[in-house]
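Undergrad: Single-letter residue listing:
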Amino acid sequence: MYTNRFSTFLSFVRKECYHIFRDRWTTIILLIMPVLMIILFGFAISTEVKNAHIVVLDPSQDAATHAIVNKLATSEYFTIDRYVYDLKEIDALFKKDKIGMCIVFSERFYENMMHSGDAHIQLIADGSDPNYAYTLTQYATALISTYQQENLFQNIKLPYQIQTDIKMLYNPTLKGAYNTVPGVLGMVLMLICAMMTSISIAREKEMGNMEILLVSPLKPITIILSKTVPYIILSFINFATILLLSVFALKVPIAGSLGLIILISCIFIFVSLALGLLISTLVNTQMVAMLISGVVLMFPVILLSGMIFPVESMGVFFQWLAKILPANWYIAAIRKVMIQGLGITSVVKEIIVLLSMAVVLIAVSIKKFKVRIE
Amino acid sequence: MYKETHTHEEHLSIVAQGLTKRFGSFTAVDNISFNVKKGEIFGFLGANGAGKTTAMKMLCGLSKPTSGNATVAGFDVSTQSEQIKKNIGYMSQKFALYEDLKVWENMRLYAGIYGLNDNEIKSRTDEILQQLDFQNERNTLVKALPLGWKQKLAFSISIIHQPDIVFLDEPTGGVDPAARRQFWELIYQTADKGITVTRTTHYMDEAEYCNRICILVDGKIVALDSPKQLKETYSAQNIDEVFRLLARKAIRNQ
Numbered sequence: 002m003y004t005n006r007f008s009t010f011l012s013f014v015r016k017e018c019y020h021i022f023r024d025r026w027t028t029i030i031l032l033i034m035p036v037l038m039i040i041l042f043g044f045a046i047s048t049e050v051k052n053a054h055i056v057v058l059d060p061s062q063d064a065a066t067h068a069i070v071n072k073l074a075t076s077e078y079f080t081i082d083r084y085v086y087d088l089k090e091i092d093a094l095f096k097k098d099k100i101g102m103c104i105v106f107s108e109r110f111y112e113n114m115m116h117s118g119d120a121h122i123q124l125i126a127d128g129s130d131p132n133y134a135y136t137l138t139q140y141a142t143a144l145i146s147t148y149q150q151e152n153l154f155q156n157i158k159l160p161y162q163i164q165t166d167i168k169m170l171y172n173p174t175l176k177g178a179y180n181t182v183p184g185v186l187g188m189v190l191m192l193i194c195a196m197m198t199s200i201s202i203a204r205e206k207e208m209g210n211m212e213i214l215l216v217s218p219l220k221p222i223t224i225i226l227s228k229t230v231p232y233i234i235l236s237f238i239n240f241a242t243i244l245l246l247s248v249f250a251l252k253v254p255i256a257g258s259l260g261l262i263i264l265i266s267c268i269f270i271f272v273s274l275a276l277g278l279l280i281s282t283l284v285n286t287q288m289v290a291m292l293i294s295g296v297v298l299m300f301p302v303i304l305l306s307g308m309i310f311p312v313e314s315m316g317v318f319f320q321w322l323a324k325i326l327p328a329n330w331y332i333a334a335i336r337k338v339m340i341q342g343l344g345i346t347s348v349v350k351e352i353i354v355l356l357s358m359a360v361v362l363i364a365v366s367i368k369k370f371k372v373r374i375e
Numbered sequence: 242m243y244k245e246t247h248t249h250e251e252h253l254s255i256v257a258q259g260l261t262k263r264f265g266s267f268t269a270v271d272n273i274s275f276n277v278k279k280g281e282i283f284g285f286l287g288a289n290g291a292g293k294t295t296a297m298k299m300l301c302g303l304s305k306p307t308s309g310n311a312t313v314a315g316f317d318v319s320t321q322s323e324q325i326k327k328n329i330g331y332m333s334q335k336f337a338l339y340e341d342l343k344v345w346e347n348m349r350l351y352a353g354i355y356g357l358n359d360n361e362i363k364s365r366t367d368e369i370l371q372q373l374d375f376q377n378e379r380n381t382l383v384k385a386l387p388l389g390w391k392q393k394l395a396f397s398i399s400i401i402h403q404p405d406i407v408f409l410d411e412p413t414g415g416v417d418p419a420a421r422r423q424f425w426e427l428i429y430q431t432a433d434k435g436i437t438v439t440r441t442t443h444y445m446d447e448a449e450y451c452n453r454i455c456i457l458v459d460g461k462i463v464a465l466d467s468p469k470q471l472k473e474t475y476s477a478q479n480i481d482e483v484f485r486l487l488a489r490k491a492i493r494n495q
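Order-wise, the sequence lines are chains H and G. Quick note on numbering: the first sequence equals residues 2 to 375 in the numbering used here. Quick note on numbering: the second sequence equals residues 242 to 495 in the numbering used here.
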């Protein structure tokens, strides 16, 4: 009897896979979507700059200025366009819209730096595009600070202080991808587990299959488990895709323990499945299931997770709303572990919150499911 | 398999006594009693909301009666719903086949649910495909089949595990008269094999094909007899007339 039941379960899982893979568009969307999201949020919607052309005005031409220029040139953010010898040339170059920034060193830079501490660097950027200009100067400042730290440390006072911004610490060049990867992970797992599970159960109801299954000797728990298994597998595939893309394409390293990231993701997948299950007990059609998961789950995650707009600058109501979204807790935990490289002790709170959400959601949906059968 | 049987009721598939279902103050099914013989085609006839579906749900073990009791295939609906589920088949008007599964995959899936082993599944599948003359459609996706074919397939699948009783809830909705006639032929073949067929319908002409029909009005049985006998009793031309005569007394909104 046991093996019999298990083979029934397997044939159900297989059936669910047919639903996914026999519909070409479903397959394409489910497998390609995470890749698109990473590309979209990682490259397209990004404030970060690559290979901006800069101009150098260096009357000193000494060891220090060469080292700093070299540091900028070897980073992937800047390309040295040319050297100029007069400030007047710069204006013309900016007007021709060819360069992003100009770096101007003071005279006898190295000598002054070592003795009087009175060496200056001026960064000139095109303020007509404030975001771009701000980003460029931030990058350059960060790189110069690094040079300062590495080489000179003590008795020198460059006009730049070491930044104490947390983002600078773990993300020295303000790479957008550091913020994007945890966000996309949260979104994709939520989408696959909650949305797809609720839609696929709603489909059984809409087509009348659920009625037949409830009249059959099959246990409701078998029906539900077999419907979730393919989406669990799918979300692991997506999870791996996103991590690989982020490490190799976006160059976001995994700073913390991979095992911990997987553990947190498993808990989150569980929460999302429970949420999908709850939605499916409330609705009867695929359309409504899709709308509810889209409007209630996706938009808040995109808008309130801090991926695009910082939550700290929102009103109290939205901050509260952001707190009850499971995805936000997940994204916060992943940020801590993956980007900041923190251990399990620093994400205990997130894990507890996610686990309690899972318990509550499962309890409510089981209750709802039973009521419906009766 | 061990089955609890009552010797004097051995030829009966369904025995209902005072079966009642209330939802709050609303009485959906009001104290109905009837017997259905083995191999009989038994029809529940009634307007929407008359209690047909609720009565059927109680007999399938999906819904517990508020009072009264019933046995289906020898099992008590209140306490032995798991055993009942193994011994009945069910088909609704939605047909409930998986559209993106092939014909044989649908068969295998449902057969597996009822615990048939691989050999049984294979022989039943071949048997059904032959009976329906569907041999060429074995590997066709169900969504590519015409509606009438889907209906016949859905019915055959609902009895793939050879249950004692099959419940059909408005199974002929939306199909043309020719397909309905073919479907009835299939029902007769099934009943000849000793499987009891219980069905609900609101097509009056279809009611004539049943061995006996039970007319429900406001959750109560107002008539129960063979179509021929009912027409005689109410001196009517057809069942439609009988039904109009009886349903006139209905209080409940449709």
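Calculated from the structure, these hints are not laboratory results. Hints are supplied without guarantee of correctness; some may be wrong.
[To be verified] In silico DMTMM-like cross-links for lysine to aspartate or glutamate, where the CA-CA straight-line distance does not exceed 20 Å:
{"no.": "1", "chain 1": "H", "residue 1": "K206", "chain 2": "H", "residue 2": "E90"}
{"no.": "2", "chain 1": "H", "residue 1": "K96", "chain 2": "H", "residue 2": "E151"}
{"no.": "3", "chain 1": "H", "residue 1": "K16", "chain 2": "G", "residue 2": "E346"}
{"no.": "4", "chain 1": "H", "residue 1": "K16", "chain 2": "G", "residue 2": "D417"}
{"no.": "5", "chain 1": "H", "residue 1": "K206", "chain 2": "G", "residue 2": "D341"}
{"no.": "6", "chain 1": "G", "residue 1": "K343", "chain 2": "H", "residue 2": "D130"}
{"no.": "7", "chain 1": "H", "residue 1": "K16", "chain 2": "G", "residue 2": "E378"}
{"no.": "8", "chain 1": "H", "residue 1": "K220", "chain 2": "G", "residue 2": "E378"}
{"no.": "9", "chain 1": "G", "residue 1": "K343", "chain 2": "G", "residue 2": "D374"}
{"no.": "10", "chain 1": "G", "residue 1": "K343", "chain 2": "H", "residue 2": "E17"}
{"no.": "11", "chain 1": "G", "residue 1": "K305", "chain 2": "G", "residue 2": "D271"}
{"no.": "12", "chain 1": "G", "residue 1": "K384", "chain 2": "G", "residue 2": "D417"}
{"no.": "13", "chain 1": "H", "residue 1": "K99", "chain 2": "H", "residue 2": "D119"}
{"no.": "14", "chain 1": "G", "residue 1": "K434", "chain 2": "G", "residue 2": "D367"}
[Unchecked claim] Below, a sample of chain G positions facing chain H; criterion: calculated Cβ distance under 7 Å:
{"no.": "15", "residue": "K326"}
{"no.": "16", "residue": "K335"}
{"no.": "17", "residue": "G353"}
{"no.": "18", "residue": "R421"}
[What the hints assert, rightly or not] Simulated DEER-style distance windows between Cβ atoms:
{"no.": "19", "chain 1": "H", "residue 1": "L11", "chain 2": "G", "residue 2": "T381", "range": "20 to 30 Å"}
{"no.": "20", "chain 1": "H", "residue 1": "L264", "chain 2": "G", "residue 2": "G259", "range": "52 to 62 Å"}
{"no.": "21", "chain 1": "G", "residue 1": "D374", "chain 2": "H", "residue 2": "F22", "range": "24 to 34 Å"}
{"no.": "22", "chain 1": "G", "residue 1": "A477", "chain 2": "H", "residue 2": "K368", "range": "34 to 44 Å"}
{"no.": "23", "chain 1": "H", "residue 1": "V230", "chain 2": "G", "residue 2": "T261", "range": "36 to 46 Å"}
{"no.": "24", "chain 1": "G", "residue 1": "K305", "chain 2": "H", "residue 2": "L283", "range": "17 to 27 Å"}
Even glycine gets a Cβ: it sits at the ideal position worked out from N, Cα and C.
Undergrad: Report the numbers of all earlier hints that the structure fails to satisfy, in ascending order.
TA: Per hint list: 1, 2, 4, 6, 8, 13, 18, 22 violated.
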